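Please build the complete structure, drawing on both the sequences and the hints.
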Amino acid sequence: MQSNVTSQSARTLFEKIWDQHVVLRRTTGPQLVYVDRVFLHEGSFHAFSDLRRRGLKVRRRNQVTGFADHYVPTRTRRVEDAPNERVAEVLRQFSENVRSTGIRAFEIDDRNQGIVHVVGPELGISQPGMTIVCNDSHTSTHGAMGAIAFGIGQSEMTQALATQTVWLAKPRLMRINVHGSRAEGVHAKDVALAIIARLGSAGAVGHAIEYAGSLIEKMSIEERLTLCNMSIELGGHSGIVAPDDTTLDYLSGKAFAPQGADWDSAVSYWRTLVGDAEARFDLEVSIDGSLIAPMVTWGTSPDAAVPIDGCIPDPDKLTGAARSSAIDALNYMGLTPGTPMTEIKVDRVFIGSCTNSRIEDLRAAAAIARGRTARVPTVVVPGSEAVRRQAEEEGLDRVFRAAGFEWRHAGCSMCVAINGDFVPAGERCASTSNRNFVGRQGLHSRTHLMSPSMAAAAAVTGRLSDVRRALAFGPKG
Amino acid sequence: MEPFRPVTAIAVPIKGVNVDTDQILPARFLKFDRSAGYGRFLFHDLRFDDAGNERPEFILNDERFRSAEILVAGENFGCGSSREGAAYALHDFGIRAVIAPSFGDIFYNNCLRNGLLPATVPAQYATELRDTLLRLPDPRLTVDLEALTITDSSGAASPFTLGSFWRDCLLRGVDEIGLALRHTEEIEAFERERSRRLPWLS
Ligand code: SF4
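Chains as they are written, first to last, in our numbering: chain A, 1 to 477; chain B, 1 to 202.
Label-pair restraints from in silico Cβ distances:
no.: 1; chain 1: A; residue 1: Thr272; chain 2: B; residue 2: Asn61; range: 53 to 61 Å
no.: 2; chain 1: A; residue 1: Thr272; chain 2: B; residue 2: Thr120; range: 34 to 42 Å
no.: 3; chain 1: A; residue 1: Val22; chain 2: B; residue 2: Gly52; range: 46 to 54 Å
Since the hints were made in silico from the structure, they are not lab data.
Since the model is a prediction, treat every value here as computed from it, not as a measurement.
For each residue, glycine too, the CB sits at the ideal point set by N, CA and C.
Okay, here's the thing in structure tokens:
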């Protein structure tokens, strides 16, 4: 099918990377796609059992990295401090699985331990042009490095370990253009929530998203990581940002980035990773970034988000399934339509997760916490031990502690509540994580998603608060 | 994997859209080994109260739907976490097919890997079907993968979609990992070429 090459040869960034990874081209349906990097966390024990049952070996252990994050306790660095024996067992099983297969892993006591989606980019393991898979839906995060990165299940993980491939049909292509400049107090998280609120949780189902536009180009890598992270909350297959000087500056000198002459070759290759101007997307959306306000969710799906100066919506203004979903959500959340968001009191605050636990996030939270006092229990869980060290060097831990925030070790913690950190039943939590699902942060927990500075604002006021009004929050030391 | 045969069984309508995998299988059950079976964890917090008693208002506790082997859901079913436990729970409970207008990507793949059929149907049809099932005393459907049809008790058949690759895999009980392993030579050739072009990667 070589006819009409000129009009058909324009390709998007995703397509260029995709084409370089297809091992076996089939005319329809899934292709056999090569994966450059396989990341795995403790939940991978099913895949390791499956490998053993099948008598298969890890094919390219140098292209596989393990991360202990979901189940690790965050008060200490000891497996024995896991909340129960089965969780400790999962952690030990993880160590055993990676050691017996020779996979490099950041175990609980490693100085570079942390959440896979924080550590991968931070150490330069995730690079432009790569295909990256992990047994975790938020693998989309690594797309911020200019990679095709997506979550897979356990059976697919078995295949990825044994063959360094996955079966995957090419997703449809979507571009989200965000233009304009951000107003004061508006973070990458707000941009993500605003996009999800506008397009819905199923807005990108079946699509690989490319984020573009002047606002995205001006974003730091950490902000792009936050944005790509939440592609999955939009239903997307993956999210990608074209690598540029910001990407290269970020990667330069990282422990796992190419060095010396390799760096120069890598850079010339990475420079080729741009979509053609005439390339076509199946779906294209434009958003005026200057209209985005700090956002907060009110319901049990991430698209249930409104600007902080808004009110709880009235389900009676909706129809059908949307109406009954909203009524269920409000019952669960214990909220009444028409209530201004800033009147909602919270019981605790969680600052952490692969969405918002990097150094820039902690700086933003500390800027609000500085000289103020937490009104409700607040924990800060850095995304990695490296972030923790950096924060301590900058004195952020002292700011948090002085404000009465708890300062923890790295891990997923209260984002998924399987390591012993959880929101008690019925309590309302202001959280910088990515999911406000029923029971996500613990049985009967209620979650409001927001940016790190908004979460810190909730901590020092005891209610959802507009970070743009920070001057009204009381004493500054 | 067992080849998928036509199934005639009770079909349970699940209400709502964007039903996430945290609802299908709450995270705290993820730590368990598969051997004990995941069926009892399916929709756990919707099915049972804190004392472990059944919640009568949840549809799988309704006598008509208890023995369901087919599930009919709304848009974006199985969104959220990549946990394959959600597919294990459905499978171990006895569900054979999930009918919905769209699915979470990873959940969709996980279904296929566990011999569960994800049948994609038009949104309007899924809504009507859920309403109809609620009204019927004997809410049965037949799902025929060979013919790509869903037939209700009145005999009316409607089409669903599934790509031909996955249809063949399910019908023949093909193991996709085995299938990939058959291409080891192509994978090796690919790797040689890739490390020649991009040597810093390997
Ligand atoms: S921080 Fe939360 S969303 Fe991110 S990988 Fe961990 S559990 Fe998943």
